[in-house]
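Chains as they are written, first to last, in our numbering: chain A, 1 to 355; chain B, 356 to 710; chain C, 711 to 1065; chain D, 1066 to 1420.
Bear in mind the hints are in silico, worked out from the structure with no lab data behind them. Everything numeric in this text was worked out from a predicted model, so none of it was measured. Careful: at least some of the hints might be erroneous.
Unchecked claim - Only some residues are given here: those of chain D computed to face chain C with a beta carbon under 10 Å:
1. Leu1165
2. Ile1249
3. Val1250
4. Ala1254
5. Asp1284
6. Ala1385
Backbone N, C-alpha and C define an ideal beta-carbon position, used for all residues, glycine too.
Protein chains: 4
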Amino acid sequence: MVPNTLGGMATRVGIVGASGFTGAELLRLIAGHPDLEVVVATGDSQAGTAVADLYPSLASAYGHLTFTPYVEGVADDHGLDLVFCGLPHGASQEIVPGLLDGNRVVVDLGADFRLKDAGLYPTWYGHEHTVPHLLAESVYGLPELFRAELAEAKLVATPGCYVTTATLALAPLLAAGLVAPTGIVVDAASGVSGAGRPPKPTNAFNTVDENFVAYGMLDHRHTPEIEQNLAGVAGADVQVLFTPHLAPMNRGILATCYARPTAATSTDELRQVLHAAYDAEPFVEVRHEPPSTKATLGSNAVHVTAYADDRTGWVVALAALDNLTKGASGGALQSANVALGLPEAAGLPVAGLYP
Amino acid sequence: MVPNTLGGMATRVGIVGASGFTGAELLRLIAGHPDLEVVVATGDSQAGTAVADLYPSLASAYGHLTFTPYVEGVADDHGLDLVFCGLPHGASQEIVPGLLDGNRVVVDLGADFRLKDAGLYPTWYGHEHTVPHLLAESVYGLPELFRAELAEAKLVATPGCYVTTATLALAPLLAAGLVAPTGIVVDAASGVSGAGRPPKPTNAFNTVDENFVAYGMLDHRHTPEIEQNLAGVAGADVQVLFTPHLAPMNRGILATCYARPTAATSTDELRQVLHAAYDAEPFVEVRHEPPSTKATLGSNAVHVTAYADDRTGWVVALAALDNLTKGASGGALQSANVALGLPEAAGLPVAGLYP
Amino acid sequence: MVPNTLGGMATRVGIVGASGFTGAELLRLIAGHPDLEVVVATGDSQAGTAVADLYPSLASAYGHLTFTPYVEGVADDHGLDLVFCGLPHGASQEIVPGLLDGNRVVVDLGADFRLKDAGLYPTWYGHEHTVPHLLAESVYGLPELFRAELAEAKLVATPGCYVTTATLALAPLLAAGLVAPTGIVVDAASGVSGAGRPPKPTNAFNTVDENFVAYGMLDHRHTPEIEQNLAGVAGADVQVLFTPHLAPMNRGILATCYARPTAATSTDELRQVLHAAYDAEPFVEVRHEPPSTKATLGSNAVHVTAYADDRTGWVVALAALDNLTKGASGGALQSANVALGLPEAAGLPVAGLYP
Amino acid sequence: MVPNTLGGMATRVGIVGASGFTGAELLRLIAGHPDLEVVVATGDSQAGTAVADLYPSLASAYGHLTFTPYVEGVADDHGLDLVFCGLPHGASQEIVPGLLDGNRVVVDLGADFRLKDAGLYPTWYGHEHTVPHLLAESVYGLPELFRAELAEAKLVATPGCYVTTATLALAPLLAAGLVAPTGIVVDAASGVSGAGRPPKPTNAFNTVDENFVAYGMLDHRHTPEIEQNLAGVAGADVQVLFTPHLAPMNRGILATCYARPTAATSTDELRQVLHAAYDAEPFVEVRHEPPSTKATLGSNAVHVTAYADDRTGWVVALAALDNLTKGASGGALQSANVALGLPEAAGLPVAGLYP
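Modelling step: build the complete structure from the supplied sequences, incorporating the hints.
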């Protein structure tokens, strides 16, 4: 172990599957974290490549680091205190059991430990879950809902990016019984980084630039996860139609959510409920204007608000965040901080990049 | 009159309020129209400026043309057969009565002649209508719904850009009684050109680039116009909650519309209804994939489709178009062609700019 | 043959290698051409795919057309009058000899017939030319320099996109002896479509968006072609250092060219020379402001200007165009029009898409 | 004074002219600085506006802060240790003399104290300098060239954004005598934030998006500043032709610089000189690939490289940075850290935002 900059001992961090965008974002954030040190970054497809060559943005911070192939025992070999897994869905459940250890925290960024009902995996992900007993053990990495549980967690399941957005917009309203649990529409738009690093026709510049399009009609995999979270706070089954869109920008998610009020309500009442839920949160801002994705760029912030429409009888709740920061790697780091007993906001930018 | 390129006589065209984006788009389209010739383009704020200096994109086509101040009698002075008005809302009703003449067609691109119920103007536009009798006379410039009426029209009210999009997505489904007329949500995103040419904080590059944001929450002015159109085809009052968003792109609108089916339906049934409505239309394509704004860039095309979701009981109808072409100037020119007895597609690009 | 819309017989067109961006742009332009009809579009990698599925922007114009595999004899089988080849460099020279026929015009969009000196191919393209005798026969597809030769051409070599830009900026100045033929710097930036359709890391949205970067340092293949053109007008060897850059936009090239004056000169003198060269050209505009790529978007226009700097003794010449239109498919169509005796501007938009 | 988070006393910071983009960037960076606390932010045009309303990206970090009007004595009234001035050119020289005080550091971000020769101001800025004696006293805020002087500085003149870029690309090569001091061309492109916050036609989204254009032909004000810096290291007069371009992106500058070698040189030799100059620098990376602006987004990094072209006899040196970070507010903060004896990299992100 090397001493950290505060004179104590740095927490030794490994990132498995570090060559994707969530890996790069973890590396960016950890470069500014006073207590963490990345000692190994695996990436099978990029093994042997210098981090600085794949991501020149990290050249000054990680000039020494090279992606290595994943090998069993990597966590023990390197004495890791904390492991982030940024593997494709389905791959994490193969290796996480081997990484878990009494003195180590594992934070998964994939979907493998998010759904509590193992029976949902065949339906939404096309495969049986191979270690269903870990679904009960894993803690869902949304500190706004599960802070106490995270403090004891050894395995953290980081939420999907759209899921964090929609959940934080709607959860307080459902928890307070202000909106009905069915008939909910979540209409959201994301920047292109949500599609990952490997080039494909759908993330080619000329496909995406100057384009706005819906995708994943009716069956996007984040649907059951949104429903699971909202059912948890509502104490009732929740049904959501989720329509994601792709917007021509690097980062950012905005969710515009439509729900039916259970009784006459008002914009003021909705916002009071949001304020009560979030005013003590380090990263959630209740706004009086429609939130914009750009206001959260590069920071761990989430901006939320809500409106009640008397004329048509709809409640509209909105939330915006950076899909790679709060929506993925920032959220993962926030949960890791809680699980490790570090200051929750350590290494997490509170101010966004603007303009 | 000067002879046109086909050896006949060109239709003499004037554009009042030509210096805005809809004016520039009209000039672009008319440059490719075999029968029309622009003989005057007014623009008070740009009077004296060469068209080629404000819009270098038009330099080769209109090297000779200069914006002039609007003067009363401009239509008679120039012997205009066709006048497009691209003035701000409220300004058209001041001058249109003076432009109307038995042998002339006036196509307004603003909101002043769109709503049939004069009582809606104070509510949504903040002023009384000064010539309400013309609301009955004007024909709504959506050939897909009002082709026959347009053939006789002297005054055409070009629909709002969002309105064309939402109307073409939903109208056949409401006309067929497949979806309920209330509880409809129209969630749409537009490129920035919809905000017009004058610089303001909300259309500055650094505000908009890499940003996605909702605006006009609950009270956007296109709401009553969507409701009017859909009520017309549904034969019943229609209630719509409309949420526009701003996407970081120059052009394009996508409307994602949510409605409740009146009875069990299917994606197949919805699309058959769309095909029946649109297969003979020159500019509406029924797609089997979610439509993308980019597929319509610079053309007069509209792409539509629909889905039925068994799980949540929602119908989702989507439409995409170029807000300046089919959503404004192209739609206006299409209506003008119909009103003048010219080929409906003359001067209107059928293929979009891609990539 | 089918009759065209003017009552005559349409020219039968085939596009070999039609599934790339230059193929799509040809299809877009020909959709608006009164005399041409595309009867076959080959694309081996997309064989069997409907044009409308790969390019929904072409759905209304080419709903019936499907990409077919290339087969020998395609031109004879379909009775083609005109063939465009949009194949990768090196592939055209394999098939063009078989396509040539006394009554047919072949317009190649690749590099295989651009360089007159066969000895340059091994150096710049890495392979010997297999049909060097055709290099003398082919006519370079830049009507501004070779209009008379194009009128007799059976084989046309469409210039590279950067080459058209730099050539049109500098040629009149070199022809007039105003600038020296060596020490020239061409610093240019292009939109991403120049990299073609296949997805790769360098044209992925997240790589390119919000990025500006140089590439092809010192050895870009358009260098010898620029030098060939300028040497032709200068009557002397020309040496150019060419540095291309990638800008985060779909289309457009701006070339900023630096040269040394041969004697004291002035901005006025430079522009007079440009005006003399271009005022009769249908697509070249001499501007008094720095040209912008956006002013040429989607049109066949080229905007040029020049400045003389007394203080440092540099001449700066600039040109802007749309790399897919005038820089590729539009330039190719313009040459085809000349070669076929059609109106030179037929099917070529003179007004750009703005905003 | 309030204690800072490390238990010591925070340095009290004021920002004069804080409502512009450089002010917002200072606020972003200082939010992550362990030793600085912003106690006052003036902005006459935004006086009374909450920082969080003008810049929602700063809501979580500065929820309490409101822009105030500038008043004389502000630095004394608030006990400021450090003042940043983000005023328009010409305005700083009016107030800086009053801000200077034995125990305070003033860091100006405008041009008023950059040029050592007061006689250059009338030529390039159109006005006489009113406090020319301060030009000798001010230290140019480029730690890579003036670190020792900055350690003693009371008044720091932050370089222009293009100037930092071009200077860091060329200075080591001129200092080593590898390239000639005249005939230099600096061809550069910037993101739009360089144009500042107030909306104007030239920074409107629809003007800039999908556009690339040169501006400031021959006479951009950063020219004499580049020449001053390079003359300082070359020990000879330097002459530069500088051509800025506007690229459709928020942030980033790339300078591509052309110079003539004084003797035969090589890419290897050039890079060795760059490595010798920069390997000990905290924020300058010598790259083996062309630097990209995006690799520096949001960080204080500068990426440089150089090439020698045997064929044409040119040296090409390139540098990239974020114009608002290292090119303005980050550079200013780096200089302030040096002047205050704080760790030079405090508060300055070393890793960029990617993708």
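How the hints compare with the structure:
no. : hint    : result
1   : Leu1165 : violated (35 Å)
2   : Ile1249 : holds (8 Å)
3   : Val1250 : holds (5 Å)
4   : Ala1254 : holds (5 Å)
5   : Asp1284 : holds (9 Å)
6   : Ala1385 : holds (8 Å)
The structure does not agree with numbered hint 1 stated previously, though it agrees with all others.
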